[in-house]
Amino acid sequence: MKFWGVRLASILGAVAFCFLLEGVAQGQSSFVQRLFVLAGLYVTLAVSLNLINGITGQFSIGHAAFYQVGAYTAGFCASRFFAQLNLPPAAWLLLMMITSAITAGLAGLLVGLPSLRLKGDYLAIVTLGFGEIIRIFAQNQEALGGAYGLTVAPKIQYVWAAWLLAILCIAVCRNLLRTAHGLPFLAVREDEIASSAMGVNVTQTKVVAFVLGSMFAGAAGAILAHFESFVSPPMFTMDVSFTIVTMVVLGGTGSITGSVLAAILLFYLPEKMRDFTNIPLSGVAAAFVAISAAVFAIRWVMQNFHGTAKDRAIRYLGIVVGALVIWFISKALLGNVPSLKENIDGSKLRMVVFSVTLVVLMLLRPQGMLGHHEFSWDWVRSKFGKPTVKEATA
Amino acid sequence: MTVLPDLLAGLEFSTLPQQLVNGILLGAIYALIALGYTMVYGVLKLINFAHGEVFMLGAYTALFTSWSFGFTQAGNKQDSSPGILILMLIVSMTVCGIVGVLIERFAYRPMRSQPRIASLITAIGISLLLQYGGQLFLPSSPPPSISDKVNPFKGNIEIPLKPADSALLAQAEQLKAKVTRTKAAYDEQLKSEKDSFNLSPVGKELRTASQDAERDYRNAIDKANKDALVITFPQGQVIMLVTTVVLMIILTWLVMKTTAGRAMRAASLDFDAASLMGINVNTVIAFTFFIGSALAGAGAMMNASFLGGTKIDTFFGMLPGVKAFVAAVLGGIGNIPGAVLGGILMGLAETMVIWAGYGNYKDAIAFIVLIVVLLVKPGGLLGSNKVEKV
Amino acid sequence: MNIQFSWKHGLIALAVAAAIGCNGGDSTATTPTVENKGTEATPAAAGRKAPTAEGNKVEGDVIKVGIVGSLTGDQKPWGEDSVEGAKMAVEELNAAGGINGKKVELNTGDSTSKAEGAKTAAEKLISDGVIGIIGEVASGHTIQIAKSAFDKGVPVVAIGATKTDLTQEGTHVSRVCYIDDFQGPVMAKFAYEELGLRKVALMTDNKQPYSQYLSKTFGDKFKALGGTIVKEAFYESGQTQFSGQITELKAETPDGLFLSGYFTEVGPIAQQVRQAGLKDVKLMGGDGWDSPQLLTSGGDAILGSFFCNHYNNKEDRPAVKTFLDAYKKGHAGKEPGTTMAALGYDATKLMLEALKKAKSLDSKSLIEAINETENFAGVSGTITLKGFNGNPPKRALVVEVRPQSEGFQVFRKAYEADEIK
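As they're listed, the protein sequences go chains A, B and C.
Going by this note's numbering, the first sequence opens with residue 1, and the numbers climb by one from there.
Going by this note's numbering, the second sequence opens with residue 1, and the numbers climb by one from there.
Going by this note's numbering, the third sequence opens with residue 1, and the numbers climb by one from there.
No wet-lab data here; the hints were simulated from the structure.
For each residue, glycine too, the CB sits at the ideal point set by N, CA and C.
There may be inaccurate statements among the hints.
The calculated EDC-like cross-link candidates involving lysine to aspartate or glutamate, where the alpha carbons are at most 16 angstroms apart (straight line), are [claimed, not checked]: (1) B/K45 x A/E22; (2) C/K279 x B/D222; (3) C/K189 x C/D151; (4) C/K356 x C/E335; (5) C/K279 x B/E158; (6) A/K155 x C/D151; (7) C/K282 x B/E214; (8) C/K103 x C/E116; (9) B/K204 x C/E368; (10) C/K102 x C/D151; (11) C/K199 x B/E158; (12) B/K226 x C/E368.
Per the computed footprint, the stretches of chain B lying under chain A, defined by three or more beta-carbons under 8 angstroms from a beta-carbon of chain A, are [stated by the list, open to error]: (13) 129–137; (14) 197–206; (15) 277–284.
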């Protein structure tokens, strides 16, 4: 009974959360509403990619392709069938999400099956390649609006839809991992040959991972199509794939919580930066210098320093202070270079921040923010000193 | 897909030879970049995602070098010479080589102990950083291009495969007299006209007569040439092809006949064994990166200088980089002649797609080729066919 | 793993069913662009819808007006120039006392030379409370701005967007430039009558709706005059290598080549056309060529070509002279590089003049007032919107490309709006 009680409470809690967000969003400008929706979509994308990359250990970097398939499916069906069927918007959106999930899942099947023989780098390039092929083919179909784009007729802007999908995605992935169904994924990640020797159907596991991940991305695409009421090929370039990969890497491949946090963080940060206009280029250049210096110093400490944790922390602090000093000095020096005297808009720094994040992360902490750890009620309980479930049942 | 007879009917077979030539010229650039990919993969088993950006930096270096010689946007300096071109080539190659070595030293070497995925992610990060970071500091909007005055070889080499019908040509020449006559009359009239685009009725008549005569002459010439087949090689691109071949010969000599080359081959066969034999693998890797990046720089400089008006922005290297990677895979990754073969084939494939009328899909063809190759023969055309199981 | 298996089977079955279902419709699509119904330069067909949304109102003492332009990316010359022109108009108005004592504030949005960038920029400006939007130059971008503005009831005055069906987006859209139904036939007439061309090939940018439509209107008129279009080849914005397409066109031995795309590709195409041996083919184009970049990327190859533009800096109309003097004062003696500065100035001034005459200071009245504009004296010519469904009749100037020393765009021939039937 307690089992079902907790489950029911969580579901109701999740739905309530979505509608709470919707309520908050309604009071804001449409620009802020857009941020809410996109944040939710990116959470879905990051978690679904994490299922393929982090949990199953594959390396897919063409996730935007499934996003695109979903968005174009929704757009295409909307331009043909919406007028005829005349459903209320919420029902239509749900129908579109399901349809898009199916087509995106098919695309995932298409990508996943042949790629199974490939490992690591090759798989990455092939997934990227599939993404580009889908993008180029979509770009050349007049029925899909060609290179210019497709206008999606009913503009359905529900914030709760995006977050409901995100929560659904998180729930599915988490529950998958917690049950016996999820163990094959982890096994395949750790050692394919050993798990195949233990009776795991490696091919099936990988394909299921691809299909599941792509289905969620497709559903997210449907929401995007109806929210923007416009889909065009430049919205799904390799950059979008790389953005999602950065979110997964930052959060920690294998950690759902990490992906969620990283998605929100990496999505929100550039939007905030848009507000900063007139950032001096010399400052940016100086930041590169300072960050490079800091990274080297930190790596040196990580590898060569063998003192206590406290001493190590002091050294890190020293590095941070040193980096700031270097930044000031470099900025002053570089400010004299004529080509660096201009100011730029904060919005141009978005991809630069992502790429720097990727490189620094790989150099300093390849396992990402959270590594393999997850958020769980157990952890909360342990912080409060209450006995965890494990201890209680021991 | 259209029915095959339909497809064949839509093809212009007369343009095929020229398109084949176009394809080979395009393939030369891909080959140069592919060499860099293949050499690095052979030694490090790493796909150097940032190689396309090294290509881009090579183009920018060439641009800045040309500016320093006075070939600026305002287009002041009038004469260029082969010496200037050679200097631009050397500068581009050197700068790119150094950039390649730096990237390896600071971004890839720390990753050597990590799983290969980490190196790949780092490579992607560096690639993005160069593209978007470069956008902040390098002139890219609107994208500049190298002044066409840099290229002193403006002519074309024309190779007639099938000569024009001489009888028809003679007939056409007879019309030339009328052309000269009517043009002279028109020019005479122009002297007393105020505005050559708002002519008096007399002027209009004479102009029409002149234009008609010119048109008849050209139609006659075209008719005479209708069955002729002439292949046009822009001189600059021929030089590009020759330089590419020369560079490849030097590279092959380097890899096959020198000690350094032997060290590279040893390291690519078995990394650990090579280091056990006393080879300084770090130096070998740096050397490999230098050579590979220098070749990309050469390709970039030639591409930007000889292919008129090529716009240079920080995303210039992305698509050629991916296509060159496919070329390397196609030829057998790790295999140097394979990279060259792959490059030429990729250039031909792309041009054939345009020739067949599907020019919109010419970028997709690269990826399709990649997927087909990886599924059918992962080792590539000239490579081994082992599929790594363990 | 029984549960997984049957679930997977069900999934595949559903997928197949959905695939069949979704593809069962007919293959002709309803593309977002409206097909042209004729080649006359008459105002676009009526039947425009008025936006139902309320729009923005002026709050307080500041009147906010928005402008969207490509401040970064390939079309930066146009974006920068249009914003400079707009700034001039706003400063002039404020110096003369503003509107009813309220000052006008110009908010800029960057479309980053992309359609969805234009959409986001427009939406942000509208949510910031601008009463009207000026912009953009590229038709593809402006259509997105128009759609977003329609949803919110805000007027849009386009600067250089020439695609004819743009104004079909609603009664809130108008422009200060001519339309492609006029521009294409102008160039066709010039090519046929003045240059004596009879066999023209087209090179169209498949990624830009402007280019696709302009090629069509040019081709239709040229054929109507008696010429032939020997072949149409396609490329995409961002391409650098055109030898494949050029080889195909060369086989048809054209005497003229119409490049309907933007200047960023026209320059390289011109150079590669000459490199391929087509030395005598005349090159022509539309207002997409208008940029100093054309000379640098086109080199010697582009000299002697002709294109259609909105006005010319060397015209001796007093309006042009006054504008240029004022512009040079604020920009260290430099003239604007493209015609978009004057058009941006005209668009902004037109909107502000209409605002002065509007019944009240809000978007809805502004839309009405803009559509009532008659004989507005712009730098690029006299603009009347009343009765023309947003497309003012304007004259087109065909200019020849000469080196910078000779003045870059040398005026050759003017065509009035009623000359093209």
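To see whether the hints hold, each was checked on the structure:
A hinted pair counts as satisfied when its Cα atoms are at most 16 angstroms apart, and B/K45 with A/E22 does not qualify at roughly 49 angstroms. Between C/K279 and B/D222, the direct Cα distance comes to roughly 14 angstroms. Compliance with the 16 angstroms bound is thereby established for this hinted pair. Only pairs whose Cα atoms come within 16 angstroms are accepted, and C/K189 paired with C/D151 is rejected, the gap being roughly 39 angstroms. Taking the CA atoms of C/K356 and C/E335, the gap is about 29 angstroms. The hint is violated against a cut of 16 angstroms.
Pair hint C/K279 plus B/E158 holds up; C-alpha atoms about 14 angstroms apart against a cutoff of 16 angstroms. As the CA atoms of A/K155 and C/D151 are separated by approximately 10 angstroms, the hinted pair is consistent with the 16 angstroms bound. About 14 angstroms separates the Cα atoms of C/K282 and B/E214, which keeps this hinted pair within 16 angstroms; it holds. At roughly 31 angstroms between alpha-carbon atoms, C/K103 and C/E116 are farther apart than 16 angstroms, so this suggested pair is violated.
Between B/K204 and C/E368, the direct Cα distance comes to roughly 47 angstroms. Violation of the 16 angstroms bound is thereby established for this hinted pair. In summary, the hint linking C/K102 to C/D151 is not supported, as the alpha carbons are separated by about 27 angstroms, beyond the 16 angstroms threshold. Between C/K199 and B/E158 the alpha-carbon distance is near 24 angstroms, which puts this suggested pair outside the 16 angstroms criterion. The hinted pair formed by B/K226 and C/E368 fails the criterion: a straight-line CA distance of about 60 angstroms is larger than 16 angstroms.
Interface restraint, the stretch 129–137 of chain B with chain A: holds (7 residues with C-beta to C-beta distance below 8 angstroms; minimum three). Counting residues of the stretch 197–206 of chain B whose C-beta lies closer than 8 angstroms to any C-beta of chain A gives 0; at least three are required, and the coverage claim is violated. Here the stretch 277–284 of chain B counts 0 residues with a CB under 8 angstroms from a CB of chain A, which misses the bar of 3, and the coverage is violated.
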